[in-house]
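Protein chains: 2
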Amino acid sequence: MQRHFDVDLEALRSTLLEMGGIAEDMIGHAVKVLTERDESFADQVQEMEKRVNALHIEIDDRCLKLIALHQPAAGDLRLIAAAIKINSDLERIGDQAVNIAETATYLCHLPRIKLGDIPRMVELAAGMTKDSLDAFSRRDVELAREVIGRDDEEDQLKSETFNELLALMQSDASTIQRAMDIILIARNLERIADHATNIAEDVIFMVLGKDIRHGAERRESPEAAQQ
Amino acid sequence: MQRHFDVDLEALRSTLLEMGGIAEDMIGHAVKVLTERDESFADQVQEMEKRVNALHIEIDDRCLKLIALHQPAAGDLRLIAAAIKINSDLERIGDQAVNIAETATYLCHLPRIKLGDIPRMVELAAGMTKDSLDAFSRRDVELAREVIGRDDEEDQLKSETFNELLALMQSDASTIQRAMDIILIARNLERIADHATNIAEDVIFMVLGKDIRHGAERRESPEAAQQ
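So the sequences go chain by chain: D and X.
According to our numbering, the residues represented by the first sequence are 1 to 227, in order.
According to our numbering, the residues represented by the second sequence are 228 to 454, in order.
Some hints here could point you the wrong way.
Claimed, not checked - Here are the simulated DSSO-like cross-link-like pairs (lysine-lysine), alpha carbons at most 27 angstroms apart as the crow flies: (1) X/Lys341 to X/Lys437; (2) D/Lys50 to X/Lys437; (3) D/Lys130 to X/Lys437; (4) X/Lys312 to X/Lys277; (5) D/Lys130 to D/Lys210; (6) D/Lys50 to X/Lys312; (7) X/Lys437 to D/Lys32; (8) D/Lys85 to X/Lys259; (9) X/Lys312 to X/Lys292; (10) D/Lys50 to D/Lys65; (11) D/Lys85 to X/Lys341; (12) D/Lys50 to D/Lys210; (13) D/Lys130 to X/Lys312; (14) X/Lys292 to D/Lys65; (15) D/Lys210 to X/Lys292; (16) X/Lys277 to D/Lys65; (17) X/Lys437 to D/Lys85; (18) X/Lys357 to D/Lys65; (19) D/Lys50 to D/Lys130; (20) X/Lys357 to D/Lys210; (21) X/Lys341 to D/Lys210.
No lab work stands behind these hints, which were simulated from the structure alone.
Just chain D, same shape as in the assembly:
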């Protein structure tokens, strides 16, 4: 029974990583619509979303069956609970990629415009997503903490892009609609980074059994922190 359970848990983990890989590809493809001005990438993003949505339902279903059949405790239960949450974050990363692809498709038909810090934001958000999944796969708390630490840079880049594009709109009214779209894409990327941060927090909870969300770790007593 336990061996069967371990096989099922391993299958759950690898399905989640498969879904994560598709979500990462969706970010990459969505951004290519913008940078290479090639709409065919948007069609691929749509196709990938179907697979992500199917996995979203499948993974939740498997998690509940694993709990009902095996009554897991401690670390195994934390793995399944983390899988439920990571599943939801990956599905939302996919949604954000779809939004980016849609906005970028629209922009393909208009003259080029400044992208602000978008290229760096993409690199950062995609890297955070990849590394949060690697941290999940390897149960790597240090990498998870490092991912969380990168979220501030993404927020900073979003603010800079926002300000840069706002200034452009104000100096040249013909750019308003396009600049607005770039700002919305910056928000989508910021949200992807937020979801990657959530995943990293779930990894830490899964491995250590410690909930560090909402600065809970910083509020811990020194005694608790040493445990």
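Fit chain X to the supplied structure of chain D, relying on the hints for placement.
Relative to the frame of chain D, chain X by itself:
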């Protein structure tokens, strides 16, 4: 043992509803910063967020303990799984309200500007949040379906607000920054409606054991739908 479990489940349900009530109040207060131009409501939103964040951690912790201690199956397990997801959606609704309050605080110091369909969007998003929680509380599948049906109207209103404000920016460059902020608030409200929709989908899954996300219900065979 079962009676104790039932008491714990009931306590979980009422804590989740308490959190939902605070999240609803956060939406109302955040919007008052905008409509009444009174920053003190933003301070209250910040205070409420602390409570929501504490409940977010507490509810997840309780859910895992309930699973580990009582090994629930079927409907009880679906209730706990729904609680884990609704908890996450409520926390994110709170985040969106904080974003609205912050943007609105900034707008308080600037001349008034058109709000597009924002008042109707607020009414709709807050109503969807309230009704999704009522559906959870009463296990009311019909109400949950009705909430899901309202999401299209919110998306439509967001697009109209977006276009109206874009036209304003283009006709009067002095409005660009403020109009941009209203557009971002419209996006926050759209996201709140999305979270309420997620909650309603979780209620249907909790009650019927049927996952209707991603149009899965519409894809069902006629045989399956009759079950």
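- Task: Determine which of the earlier numbered hints do not hold for this structure and return their numbers in increasing order.
- Result: Per hint list: 1, 3, 7, 8, 11, 12, 16, 18, 20, 21 violated.
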